[in-house]
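Each chain, letter by letter, is given below.
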Amino acid sequence: GQQVQQSPSSLVLQEGENAELQCNFSSTATQLQWFYQSPGGSLVSLLSNPSGTKHTGRLTSTTVTKERRSSLHISSSQTTDSGTYLCAIANTGKLTFGDGTVLTVKP
Amino acid sequence: GPKVLQIPSHQIIDMGQMVTLNCDPVSNHLYFYWYKQILGQQMEFLVNFYNGKVMEKSKLFKDQFSVERPDGSYFTLKIQPTALEDSAVYFCASSLSGNTEVFFGKGTRLTVV
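If you're matching them up, the sequences are chains A and B in order.
For the first sequence, our numbering gives the first residue as 59, with consecutive numbering after it.
For the second sequence, our numbering gives the first residue as 45, with consecutive numbering after it.
All the given hints hold, so there is nothing to weed out.
Once the Cα atoms are required to be at most 30 Å apart in a straight line, the calculated DSSO-like pairs of lysine-lysine come out as:
1. 47(B) with 150(B)
2. 103(B) with 150(B)
3. 112(A) with 47(B)
4. 112(A) with 150(B)
5. 106(B) with 47(B)
6. 101(B) with 124(A)
7. 101(B) with 150(B)
8. 164(A) with 150(B)
These are computed hints drawn from the structure, not numbers from a lab.
Construct all of the structure, not just a fragment, from the sequences and the given hints.
As structure tokens, then:
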């Protein structure tokens, strides 16, 4: 089945630094989403980006479909960005999630 | 963004009893999903539902599980009977089509004792 590998597994930053999160997947996908899961467990969709580059606020995602990889860049990190970032892919609406990157932003 | 509502947020139930988890999907969405996440573990797909039918289900969707959305009301996940290993957070999600952005609810934390 589809597999999603995320790196790094954890990342610690000082506030203001940038973060680069990676997602590699094993098969073609028509859908790719980045999610934020808060320490309390809620899941929020950040970006839907099956191909190309998308921006929203301080977030930029670049997906290279042929190479089966996507990245999420967080600029000027804030302490409230701390949490788990999940990459998920799908072909028929069934999302397969990676294990996530745990981001800790220190003041 | 679009909101998916889940009721209740927490539920504690005795093993062997029945439980129904309720989800109010985004109003114009047509595809509905349930996912399961055991504490500290990966989010895993359970089932998707479209046009009144289960489209696909995973191995985690045991015979004791059922889903329905009668007459456009709540999209529900019923577990009967519950087992200890059913303790997890269950997330409901919805999307406009099978290949568009999926929006998740905040989850229902189910504890089977």
